[in-house]
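Line by line, the protein sequences give chains A and B. In the numbering used here, each residue carries its 1-based index in the first sequence increased by 31. In the numbering used here, each residue carries its 1-based index in the second sequence increased by 107.
In short, the hints are calculated from the structure, not lab data. Incorrect hints may have been included.
[Unchecked claim] Computed list of lysine to aspartate or glutamate pairs in EDC-like fashion (alpha-carbon distance at most 20 Å, straight line): (1) B:277 x B:266; (2) B:552 x B:563; (3) A:37 x A:65; (4) A:37 x B:665; (5) B:816 x A:122; (6) B:256 x B:240; (7) A:37 x B:669; (8) B:815 x B:759; (9) B:225 x B:210.
Quick caveat, the model's predicted, so the values are computed rather than measured.
Here is what each chain is made of, one letter per residue.
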Amino acid sequence: MTELAKLDVEHRQGVLVAHVAGEIDGSNAADVGEQLLGELSNQARGMVLDLSETEYFDSSGVHLLFDMARRLKLRQQELRVVAGQESFAADLLELTGFAGAAPVDDSVSSAVGALSERS
Amino acid sequence: MTSPGRGSNGGSDASTLENLQRADAAATESFDLDTQLRGLLERINQTLGASTATILLVDDAGETLRPTAAAGLEKDADKPQPIPVGEGFAGQVAADRQPASIEDASQAQADVVSQVLKDNGVRSLFAVPMMVEDQLVGVLQVGAVTPRKFSPGDRQVLETGAALAAIAIKYGRRAAAERDAREEAEASVERIEHLQRVTEAGLAYLELDDLLNELLDRITEILHVDTAAILLIEDDGQTLAARAAKGLEEEVERGFRLPFAAGFAGRIAASRQSVVIEDLDHSPIEVVNPLMREKGVRSLLGVPLVVERALVGVLHVGTLTRRSFTTEDAELLQLVADRAALAIEHNRLYAQRRVAQILQRSVLPDELPWLPGVGLAARYLPASIASAVGGDWYDVIPLEDGRVGLAIGDVVGSGLEAAALMGQLRNALRAYALEGATPEEVAVKLTRFMEAQPGDPMATFAYACFNPETSVVDLVSAAHPPPLAVSPDGETQFVEQAPGPPLGAGGAPVYRGCDTTLEPGSTLLMYTDGLIEQRGHRLVDGQAALASAAAAAPFDPELLCDHILESLDAGTAGPDDVAILAVQSVPATDGTMHLTVAARPQELAAIRRLLRRWLMSSNADQVDVSAITLACTEACSNAIEHAYGPRDASFELEATRLDDAVEVAVRDFGQWRPPRGQDRGRGIVIMRAFMDDVEVLTDDSGTIVRMKKKLSDSR
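The shape of chain B in the complex, shown without the other chains:
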């Protein structure tokens, strides 16, 4: 382009300046700095009749100039040669912050002209510094292929151009910073959305397989990948099996299995870090899964599935086109892997707990035996924490001589292994007990049995042999919490014997049995430590709580168990298994039943139950059973009402089978008050109506009601 260039006057310069500014104002709005600067440089060239115009920007350190935009001699910007500030022509302008010119480069100062300019035949140069708020941002330089003296008008054009360029650069930088910030913010929002999609709490309600599939669906969508698969390590620790897949569904359908240590998965497992394969065809890592090649997978990203530092599997995604997965991709995928690993572990524990429970239920007695003279009740509550289930057991073994063996134990540990060992212990104990071994012998034999088991298992255990005829209990303990004896009038006592070491503790242990008498109506409560162990409480406190709960409990064994579990809050959310076994010496032997009962109305139902059972075993018919039970309850109600003092009061009941009749005596130690009003005193009327003989004797020590009824089937 030819131009008047040289000698252009100020007036025409002013109008071109206006053009320059107007055009620039429009360009500023486009925010595209490069286009904007180039346009400006072209207009400067045109205005000044120059052959080249260049903008060189100074770096942040203020040490180097870098050609950023050029018009005319494009090559200048194509191969940007950094120029140190202070060196060369432009470097000098930057250092001095003063305009400078070279009229003829072939003459003086030729050495300061860059080779590029020389190559292009540039003869004259004019440059001004670009300033923003007193800060140097760069240099604007024009050149001509002819020697030339630049006029003050040229200088004005150049300085205006430099100012416009500086402003454009300033706004451009700000816009770029804003754009970066906005993009960053958008990226974070997107990232958070992605995170939310893979960590959503609602996912927890899905079944495991549905959850894994849903996670794979989401990550496939988020990462824009074509395949995704979760492979889990099999129980052998050697094989990986596909559990869920997208785009590689055949992996799951065919029951795909891979050697775990090999290839891509092996690398992930070994490094416990994400592994990327950019191109399957040119990868140093071997991909052993033939399905990948069948499907045409090109790039892969894989992360480990880790639960409590143990590797449980691998999650990988792949694309059919070549792709470089980023660190962010790997981070997001790891998050999905962590979520999946958690669910897999929960599911495993849950399944294990279910199996442990089934196993435990199958080895615990379905139904307690009915034995004359023995009242039994038992409860088993699995731990609320899935992994803690298993290991507690109890058993009732009727022995040949009318005695009964009562066992309770707790295998150290939990889960399937504990539950399985418990089953074995139970069988061994049954065998030894039925052979007629004494409790001490049973304990020693079980110790040997435990020592023969692999893995050094341990267990605590208590075994009692109860003789209903003599009410004697022979008890042995292997580090088990002491049983609690509860009398029907609410007195409690722990049966503390010298306990031996736990089963499986090694050595040659000695177990010493102890004899105790279980008075008629009394109950021996055996339990596992889950009942008395509460977080943050001492064991002795737990035992004290148990004793006071038992003292206030009804004496019927079933009701007693319920009451104790309720009082100790053991029925819900226990951290450990709880087993209890209650054995009651039923006060009915040799045709006589004797009971000492706490004077409280809650015991009436249990007394009726015992009486009915005793009467039926004494061959009374249904009508007689009902009549005698009714009359007895009336007498007991009176005794309870008459007893004074809210605590420690008790009364006695004795029922005797005569040849053709039943005689009942109810004795209290309080004072009968005269019947209050018409409503009271009906008890006596009823007793008289349903029994043959009723007499009431009162003395200083209390009152005794004696009643007799002839049985109908013995007439």
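If we strip away everything but chain A, and leave its shape as in the complex, we get:
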């Protein structure tokens, strides 16, 4: 079956960077979450979740992000989310007050920079 979302991961300066292409909805958000956590080692300082290539994102995705932020905090790791400026994802994150759970950046490089400086 065609995969709705495609996950592409890389490691930059001790940070896991995950690019999510395609669509995230109620049918696959939980799976995407499991995949992301599977990629994150205990040694990583944290995770940058890049939504700039995500074509569809709704409350299921928002729920996933809140959940990820909480679970990473328990592991003493940090989550940063990248959403393109004026994108639907950015609007949704603002609308749902996600900034209270984890920082939202404009670009992957600034997110990675912020995470690696911190530790």
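Go by the hints and put chain B onto chain A.
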């Protein structure tokens, strides 16, 4: 040689005996029986002062004596005259197993002396039987040209000589048997090595021409021949063309061709057996290939190349010197021929399959048309078995009045002919359909078309005419498996009409069409029998499996096709071609889209796709399309979450284009639960943020969400 002979005493006899034994012990090790026996006989002659000594061996039946070795009168052994046991002097000794002597042959018993001895002037004879473990093996006989009385010492020498000869013969025979066995074993090992070299599995990975050349190289080496060539029968069945050659490479380079029925090759073809020509210059079989003479080929061995009892060609080897090819040579060459024939046949089938596939791909539609109100998807999977490819086809024909013709069929048979006929059928069908013929008329016309084709071809076929405006499908079937209707909430039903006979079955067939309604969002699945036929399963089981796969499939046509192929395991290694064509009645007509969808998250993506398409055809801009799609998905997600019962639950979505806005209603039949925790309930927030109006109404039967958004470009 003169000798004291007569009157020799026992003492000197004993020392000569020792010499005899010593010399013999050394000779035994040489294992050359003839040399050994001859040496022994010469020493006996010398010791006894005799003129001739002969060993006669008895045959296996114990009936005849045959002179085997002789010293003195060589002629005796040169022209061995068999002597029956019991006849003549030696025959009598053999029969009695007792020593005997003749003192003067000119006197008494002269008649028992053989002519050869008489011719040589032999006057006296003395013979002893040769025994091994109480078994008679022969007779040792000495003769002198003078009358003589043999002494007990002479007898001792002779008996010792006989014993030594018997032992030598026994060991010699054993050694010969051992040597034979060893040679046989070596020959078998060599043979097995030869067999392995020409049947090696690794050869299968070579390209055909490389394989044939490699086989010829190996057989040339194994059989020590100078030329080898493979000639294949051309498609005309009349000509042989050289395909590969060693030592006769010009055959291939010049594109050498021979009349197939003539000469050497013709003889092989006719007899289907190996044919040997020992000498080209004195052969009753004509060799028509002039290259053979040019090259100076003298002897030839040829075998047939046979695949499934059909002759496909000839393999022959030749030598520049005269040679008698053996049965074993012919057997080995036949093995090479069988190996080559197999590869040639595989290659032919593979090439045929490739051509059939190309032909099929070229007649199947590259891309399905985009038609308002119609969702389409199709799949074609060629059979895994090379020879089974070809014959399945489908087509989508947009008709003038907005209707669409949907065809699927399966030509009986496979390979190139089936694929070619399929192409013709497709063109004929297009012509009839575009003329405006009804499905019943199309079927009758195609029947006539088939009957006009050579070779009595047959095909099953189904043709449906779908009207997106009325959702009505007019369907006709010529012995084709019934299409399956799948509703978006997962209900399935085979559209069983009274099928007519297959196209080309003869007679004056009557095809009755049937009307069925394809509810908005429903899909009609047409397929060929490769999808439901599985070895060892009944057709009805295949149909049941198809129905349950379709019921669980997402309702988007593309995803539905994938899901069905995956569920029925038809995507890989099918013994038959598989074609499927899915047509969906897109629930968007007259500005309203209505959907009934199974309450499961997998459908969300398909709903979004349909909505986007509908919104775009309703002239909404990109931002509005995204916003409305997002809000709708949120509402549908809620409906799916609220639906209770894991099965059969469904919900409805209705989208309506108003003058300047779009209104969407999502209705479920479950109960909304209060949002769990902070994370939930965001759906409503999002709906409100992206739509102008959102209201949620809950009653006993369920919940309905109504949303409205003004479109930006209509402001």
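Query raised in the report: Can you list which hints this structure breaks, lowest number first?
Result: Violated: hint 6 alone.
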